[in-house]
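Asks: Let the hints inform the model, and build the full structure from the sequences given.
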Amino acid sequence: MAPPPQFQRSSSPSQPSGKSEISDLKLQLRQLAGSRAPGADDAKRELFKKVISHMTVGVDVSSLFSEMVMCSATSDIVLKKMCYLYVGNYAKGNPDLALLTINFLQRDCRDEDPMIRGLALRSLCSLRVTNLVEYLVGPLGSGLKDPNAYVRTVAAMGVLKLYHISASACVDADFPSMLKRLMLNDPDSQVVANCLSSLQEIWSAEANTSEEAAREREALLSKPLVYHLLNRIKEFNEWAQCLILDLISNYIPSDNDEIFDIMNLLEDRLQHANGAVVLGTIKVFLHLTLSMADVHQQVYERIKAPLLTLMSSGSPEQSYAVLSHLHLLVMRAPVLFSSDYKHFYCQYSEPSYVKKLKLEMLTAIANESNTYEIVTELCEYAANVDVSIAREAIRAVGKIALQQYDVNAIVDRLLQFLEMEKDYVTAETLVLVKDLLRKYPQWSHDCIAVVGNISSKNVQEPKAKSALIWMLGEYSQDMPEAPYILENLIDNWDDEHSSEVRLHLLTAVMKCFFKRPPETQNALGAALAAGLADFRQDVHDRALFYYRLLQYDESTAERVVNPPKQAVSVFADTQSSELKDRIFDEFNSLSVIYQKPSYMFTGKEHRGLTDISEELGNLSVEAQPAAEALPAQIYEANDVDLLLSTSEKEEVRGPVNNSSAYRAPDYDSTTAALVSSQVPLEADLSIPGLPAYNPQVSSAIDDLLGLGLSVAPTPAPPPLALNPKAALDPGSFQRKWSQLAISSSQEFCIEPRAVVALATPQTLLRHMQGHHIQCIASGGQPPSFKFFFYAQRAGQPPSFFLVECLVNSSSARVQVKIKADDGAAAGDFSALFQAALSKFGE
Amino acid sequence: MLQCIFIISNSGEVILEKQLQGHRADRSLCNWFWEYAMTQGGELSQLLPVIASPTHYLFQIFREGIIFLACTQVEMPPLMGTEFLCRVADIISDYLGGLNEDLIKDNFVIVYELLDEMVDNGYPLITEPNILREMISPPNIVSKMLSVVTGRSSNVSTTLPVATQSCAPWRKTDIKNSGNEVYVNLVEEIDAIVRSDGNLVKCEIYGEIQVDSNLSGYPDLTLSFANPTILNDVRFHPCIRFRPWELYQLLSFVPPNGQFKLMSYRVKKLKSIPIYVKPQLISSSGSCRMTVLVGTRNDPGKPIDSITIEFHLPSCVTSADFTSNHGTVNILADKRCSWSIGRIPKDKAPSLTGNLVLESGLSSLHVCPVLQAKFKIMGVALSGLQIDRLDVKNMPTQPYKGFRALTRAGEYEVRS
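Going line by line, the protein sequences match chains A and B. Note that the first sequence covers residues 1 to 842 in our numbering. Note that the second sequence covers residues 1 to 416 in our numbering.
Be a bit skeptical, because a hint or two may be false.
[As the list claims (entries may be wrong)] Think about it this way: if two alpha-carbon atoms lie no more than 20 Å apart in a straight line, the pair counts; the simulated SDA-like pairs of lysine to any residue are: (1) Lys342(A) - Leu231(B); (2) Lys202(B) - Ser369(A); (3) Lys268(B) - Asp220(B); (4) Lys422(A) - Ser363(B); (5) Lys269(B) - Phe785(A); (6) Lys234(A) - Ala293(A); (7) Lys50(A) - Asn89(A); (8) Lys422(A) - Ser252(B); (9) Lys261(B) - Gly286(B); (10) Lys234(A) - Leu265(A); (11) Lys223(A) - Asp174(A); (12) Lys839(A) - Ala812(A); (13) Lys202(B) - Ser339(A); (14) Lys839(A) - Ser799(A); (15) Lys269(B) - Ser339(A); (16) Lys92(A) - Lys18(B); (17) Lys457(A) - Asp412(A); (18) Lys105(B) - Asn89(A); (19) Lys376(B) - Gln386(B); (20) Lys202(B) - Lys18(B); (21) Lys422(A) - Lys18(B); (22) Lys269(B) - Asn370(A); (23) Lys422(A) - Val459(A); (24) Lys50(A) - Ser315(B); (25) Lys302(B) - Ser416(B); (26) Lys580(A) - Asn185(A); (27) Lys422(A) - Pro314(B); (28) Lys422(A) - Gly295(B); (29) Lys335(B) - Pro351(A); (30) Lys393(B) - Lys268(B); (31) Lys18(B) - Gly58(A); (32) Lys261(B) - Ser93(B); (33) Lys348(B) - Gly295(B); (34) Lys234(A) - Ser252(B); (35) Lys342(A) - Ser93(B); (36) Lys49(A) - Leu250(B); (37) Lys202(B) - Lys268(B); (38) Lys49(A) - Asp106(B).
It is worth saying that the hints were derived from the structure and are not from the lab.
Replies: Rendered as structure tokens:
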């Protein structure tokens, strides 16, 4: 383990002990400010270095601002650069002092050395001080017309910086159209590239408000421009090529000839040394040929070798990004790579993130022709020193087995794993054997023989233990020892802490009971008793359910618990094909790496989240997100409508029951005497017309009855039901908010996963909508977010709840203020709100 | 595009921060990153290269104890981020003559200057080392000497590279070199996986052609191979013209000045490997006897140098002792054994024997160590690739041409 982080270096003794050193620097800078002595520049340079190094480690040296500016009059370019760096860092915090720098920066912008002109212009644009915008326009304008390409390059990017400081100043000065002219006419490729990236950002941002900008944005994809760039693409540097390729991937050619033209022009880009260029080209190829199935297939063939080279020749980080893309392609065309499987063999020294992706690739490309080799290779990994890779490898063998027709050899291999006697290998294998048996019941004989020999003591992991227990129950007729192993496990019920295992144990012992009643009777009684006494709601409920089922009718119980099963033909895929297509559309983007389409992790208005002011007066400005949320809301409402017709009650109560409002009644032995006859649940269960009690239940159950139950549930508080279709316009929200008093105010913590999910605040809005709490406005910058929610009580009289919710994602704290029409219900609503919030991110 | 670049030491300290956009990324991001790294087991080299933090998407690469971290809030091509960081690391390491915390701290002004030119407003700009060198000269002894002699103490060249205006962006037009020579190096790495029974699972060669060109003016070079068909896939430096390659498998190019990687290639399905490594493990009641034999398998015609065998002892081994009849064996702190052989002697086959004591309760060893071999062979390109000739045009006098070849082990592993 590396030592703990040391970010707060300023407090450590080796660092300047605060003020004294800084004031010392200040003094020295002052002395040098006017000096024209021969060694002054060197002395200044040392001082500047000190200042910058303090800045770099995070010490606040902004108090030296005016002294630094005074010293900036120099011809030494390194001094200038350090000064620019310093000024860029602190100007925003000292807008008044920043004015001092304007003078010398503007002068430098007219320097005869193009390098200094460029640097000065870049620094000028990086000051980020709103009230200095007027001083920017002039130098930028002349920068765009500068005879030197370096200066024009800087100016083109400077326009974008200006746009982000003040969009109106940028548009008013007519910079976008100047950029456009430059982009079409400038001889220098880097100037063209910078114009393109600036224009893309500016027009995309403007497009929301101006139709002309939207048209201009479209024009970036027009045929003449695309060809203008395509024909020159080799002159651009590699990064500009990426940019152009990205633009072209959105271009829609008019006919097939054009598609082939573009592909011919770009084909040699596949051989480029920069991986980003190669992937960008591949994206263009794939998108262009989507409509031509056979050419699309040829494209796959063509891109295979470059992709494999990229994967095996780059750094592990690059391999990872490339492998993620390969994985996506393999999902669409598994046959493509089936003969190149050896490329995905794991190398010992690779980092595990690469190995994991490689294992997934091997699983995906396994087919009849290569399964044997792949499985042999995977078996090697099972003995790997890296335990997590060993586990993944075993899982991969299992997955291959489940997708193959000929599993003969694989089953043998899996069973050999069980003989390795390593607990994690055994554990993983057991889970797989279970799945295998569900798909290929015909193998039960071979598997059971081996599984029967495993001592349950050697299996500790809940998943593996559950699998073993499932097999014991399912195949108890074939395993002579099964009832006794189960009995043994039930005897040690208390040592088993996983509810999953306990649930499986209950089911398995039931199945076993139907097959071999005399041997299992005692175990079943003990299991049901233990289950009923369990404090876990699920375990308790299942035990009770089985118990009543047995009480009702044994054969019905058997039909419920142990019906004849059909082999599973296909296990559900975790990712829908629609989702995969979405990701494919976003080829060469982060979506591929996260294996999620971008809408699931990135918000469109990610950067645009405007600060919401304390006053609600701004709400009208915020009406946009609310309006955007509306369609989703209506959609949701429709869904709920459908459901409501059948089970209105459950639907509405659902979220409440999951909250803390409802607690499982504890088993209380002191009230045991009250029990058997008055168990109220029995009445619930008995359906009119059927005997309520089956007197022929086995003696085990009689025992159990003797134990008694007190499962009378305490009446749950009348749950607060919310109207799923609540609607409130911003105006009336604002009115209500100002009228009502705060009826509840709370502060609490949220889970870390919720904080992570908050990376896209939209997910919270969707989540809360799922709980019938609508969002009317939201905003904020990380780490603090602000949301306004509202909800309406279902039924009469309709009463609204308004919520102001402040979330701080760095401290994971949430402040909630609730105002309600009906103040008495605010407490219930608050609990409900908190419960809904607590489930966020699950 | 990229919002900010942080350089972080392997103890979690932020060495350097370079904001790229008006929209600043807070330094607390590094805190989040570091905590995340610690929850992932603290092994920095095993961290995912692309991570989603609550507020940003992070790209990170880990090089020689230094983390290069970049963040963005918008969707962008992932390789662009990763590849760019790799370039940043390469170039900084090239400028400073290595990478470590102190070097960066001593030269942070240079690093700032470099980053300033390499990226503007988050868009990668110039990453071509030759051009950067013309804008910012590296802090080497020569430039220090110069500054003493001439009294000019700037490491920034006063002229701006005109390369951006020439139609070959990697070369300015009026280069004058005192020397008149060009060197071509074939450097190949052999990657192989060998099973315990000696069978070859996979064997592949990754090769690079490195050129060091010290030619004046605007030379035009053509390089041809005797057997270009053995190349499986090639990647080119931007200077190579694609047509001549496609039609005649000729490399025709105007070289950048100085050292550069002209092309890289792969050669698949190699049948022969130069050395064999035969490990054997025999377990008996709580201990395990390990022997490793090493020898020449297919003589490459030149001596095989600096052979080293390395492996990790499995965690269930409590102690081990090794003896060898040639070379030295070291067991390092993290249970890593390193057996350096050097050259294989003529009279005997080097062998390593040792006894592994297993954890109590284990009767035999189930986890097998993987042995990694390192070696290098000077003067041979194992793939068999041969350079036929190199023609230089556009030059008043024919330059001196030098050719060299080297093969070394890349990922050469033997399973036991």
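Asks: Can you confirm whether the C-alpha distance between Lys342(A) and Leu231(B) stays at or below 20 Å?
Replies: It holds: about 18 Å lies between the C-alpha atoms, which stays within 20 Å.
Asks: For a C-alpha distance cap of 20 Å, please report whether Lys422(A) and Ser252(B) respect it.
Replies: violated (58 Å)
Asks: Taken at face value, is the distance from the CA of Asn89(A) to the CA of Lys105(B) at most 20 Å?
Replies: Since the Cα atoms of Lys105(B) and Asn89(A) sit roughly 18 Å apart, the hinted pair holds (cutoff 20 Å).
Asks: Check whether the Cα positions of Lys422(A) and Val459(A) lie no farther apart than 20 Å.
Replies: holds (10 Å)
Asks: Are the Cα atoms of Lys422(A) and Lys18(B) separated by 20 Å or less?
Replies: violated (49 Å)
Asks: So if I understand the rule, the pair passes when the alpha-carbon distance is 20 Å or less; does Lys302(B) with Ser416(B) pass?
Replies: Violated, at about 28 Å.
Asks: Regarding the pair Lys269(B) and Asn370(A), is the alpha-carbon distance no greater than 20 Å?
Replies: holds (17 Å)
Asks: Please work out if Lys202(B) and Ser369(A) have their alpha carbons no farther apart than 20 Å.
Replies: holds (17 Å)
Asks: Verify the proposed pairing of Lys234(A) with Leu265(A), using a straight-line Cα cut of 20 Å.
Replies: Since the Cα atoms of Lys234(A) and Leu265(A) sit roughly 10 Å apart, the hinted pair holds (cutoff 20 Å).
Asks: Is the straight-line distance between the alpha-carbon of Lys422(A) and that of Pro314(B) 20 Å or less?
Replies: holds (13 Å)
Asks: Hint check: Lys335(B) vs Pro351(A), CA-CA at most 20 Å. Holds or violated?
Replies: Holds, at roughly 18 Å.
Asks: Would the hint linking Lys457(A) and Asp412(A) be met if the CA-CA limit is 20 Å?
Replies: violated (24 Å)
In summary, the numbered hints that this structure violates are 3, 5, 6, 8, 9, 11, 14, 17, 20, 21, 24, 25, 26, 28, 30, 35, 36.
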